Amino acid sequence: MYNFTFHRPTTVRQAAGLLSRNPEAKLLAGGHSLLPVMKLRLAQPSALIDLSQVEGIVGVELKGRSISIGAMTRHADVANSPVLKEAMPGLAAVPGSIGDPQVRNRGTIGGSIANNDPNADYPAACLGLGATIITNKRRIAADDFFTGMFSTALEEGEIIVRISFPIAKKAGYEKFKHPASGFALVGVFASKRGSDIRVAVTGAGSNGVFRVPTFEEALKKRFSPKSLEGLTIPAAGMNSDIHATPEYRAHLVGVLARRAVAKAVG
Amino acid sequence: MPAVSMTVNGKAVSGNVEERTLLVQFLREQLRLTGTHVGCDTSQCGACVIHLDGVSAKSCTLLALQCEGANITTIEGVALSDGKLHPMQEAFREHHGLQCGYCTPGMIMAALDIVRRNGNDLDEHTIREQLDGNICRCTGYHNIVKAIAAGAKNMKGAAA
Ligand SMILES: Cc1cc2nc3c(=O)[nH]c(=O)nc-3n(C[C@H](O)[C@H](O)[C@H](O)COP(=O)(O)OP(=O)(O)OC[C@H]3O[C@@H](n4cnc5c(N)ncnc54)[C@H](O)[C@@H]3O)c2cc1C
Ligand code: FES
Ligand code: FES
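The listed protein sequences derive, respectively, from chains A and B.
Residue numbering for the first sequence follows this note's numbering, starting at 13 and increasing by one per position.
Residue numbering for the second sequence follows this note's numbering, starting at 102 and increasing by one per position.
Treat each hint with caution, since some may be false.
To spell it out: a stretch of chain B is covered by chain A in this simulated footprint if at least three of its residues, at any positions, have a beta carbon under 8 Å from a beta carbon of chain A; those stretches are [what the hints assert, rightly or not]:
1) 135 to 144
2) 154 to 166
3) 226 to 234
Quick look at which bits of chain B chain A covers, simulated, 3 or more residues with Cβ under 8 Å [claimed, not checked]:
4) 113 to 121
5) 197 to 206
Keep in mind that the hints were calculated from the coordinates and are not lab data.
Just so we're clear, the structure is a prediction, and the values are computed from it rather than from any experiment.
We treat Cβ as the ideally placed atom computed from N, Cα and C, and that holds for glycine.
With these hints in hand, go ahead and build the complete structure from the sequences.
If you want it as structure tokens, here you go:
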């Protein structure tokens, strides 16, 4: 790992100031994506701005009909939040499925979403619930936020502060875990909130997380795994690597979508 | 080089480190606490697991500077003050939960955190699932799982 300068601001404003004064700087949250990438010298920031001491960006809160999660909230704390488990257990299950216990003790929701790994779990939950990503500058709808693998709508100097998830009565996540890394080979988040039905897929697409309009349409008639029977998505556009072919990934999308809906109707 | 100070196994320590110094390097190379191992350096194997403010973490994926002011416990800090092995260490000895011993410090630190999260009565499934972040090349895990179940039981009542 190349060396860098290290900063520990205590407010979002200070962190933003440090970002603007250090052009090659990067924010450091849990460090469980960034530090491994720096060890490989795939990233070489001039400065790291540690968000761990920043006030007011940690915790899970019920706000009206939404769940608001601070960017620096660790995966384990989201998974175990009594408020969230009560309001929307389908969302609490997402961080509970990430990596291993030590990764969950350090990794954060803000880091995961900013990173937008094509196999990460949280992007599916954000898109599958129509979350809003709140930064120090603006509010971004999940539909506009994830712009391709490892790519987001975040601009230079922009810091995720919290994520707001509307509470869906029915919400479920089903993931086919890569047995070595724990990442999603394919993961599907399905939800129903009134007439808003969403099916979001991570791990499968060669361009990151995406929605499946044909599945959503079928579920409008009846939100039940039965409505998806026989439905598939084309293998074109699916990711291909040593772990799985595009055809296998496309197949998994159908299987996992039915299971996610089954979980959601529970 | 920036200064860093933290509490390690109950003692206040400080030193000067490069910004990129990992916690595990600070522990092993500066404090000479070589019980914490590096198996992979890629956040996969768990040989480097320590407790950071009471919670298990991989010290190869933490900067020393991220631990400024923190409370760290390493394998050297878990034995009882009278010099006796901690019940979890004793259980690994008793149940032959190690062969080469390379993974053992991380296994024990992870095991103590499993007890913190799940209590003293652990079934095999829970232990295996919660050991997801720890790799052992020798034992086939069978005796590690037995040791953790027994260690967890023996911690009940013991001043641990
Ligand atoms: C062994 C292992 C297994 C894993 N398994 C899984 C898995 O199964 N599923 C999964 O989804 N993930 C998995 N991960 C990734 C893990 O969830 C990471 O913690 C997460 O992707 C990044 O979060 P972080 O807090 O560690 O971010 P960091 O690594 O600190 O940062 C990641 C990126 O986000 C930026 N960033 C961080 N915070 C903010 C913010 N508030 N605003 C703007 N930008 C920000 C950083 O600058 C950096 O570019 C795994 C990681 C490891 C090491
Ligand atoms: S050395 Fe840290 S996880 Fe392997
Ligand atoms: S005892 Fe040798 S690696 Fe586990």
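Each hint, compared with the structure:
1. 135 to 144: holds (count 3)
2. 154 to 166: That given contact holds, which follows from 8 residues of the segment 154 to 166 of chain B lying within Cβ reach (below 8 Å) of chain A.
3. 226 to 234: holds (count 3)
4. 113 to 121: n = 3 at 8 Å, threshold three: holds.
5. 197 to 206: violated (count 0)
Going down the numbered hints, you'll see the structure goes against just number 5.
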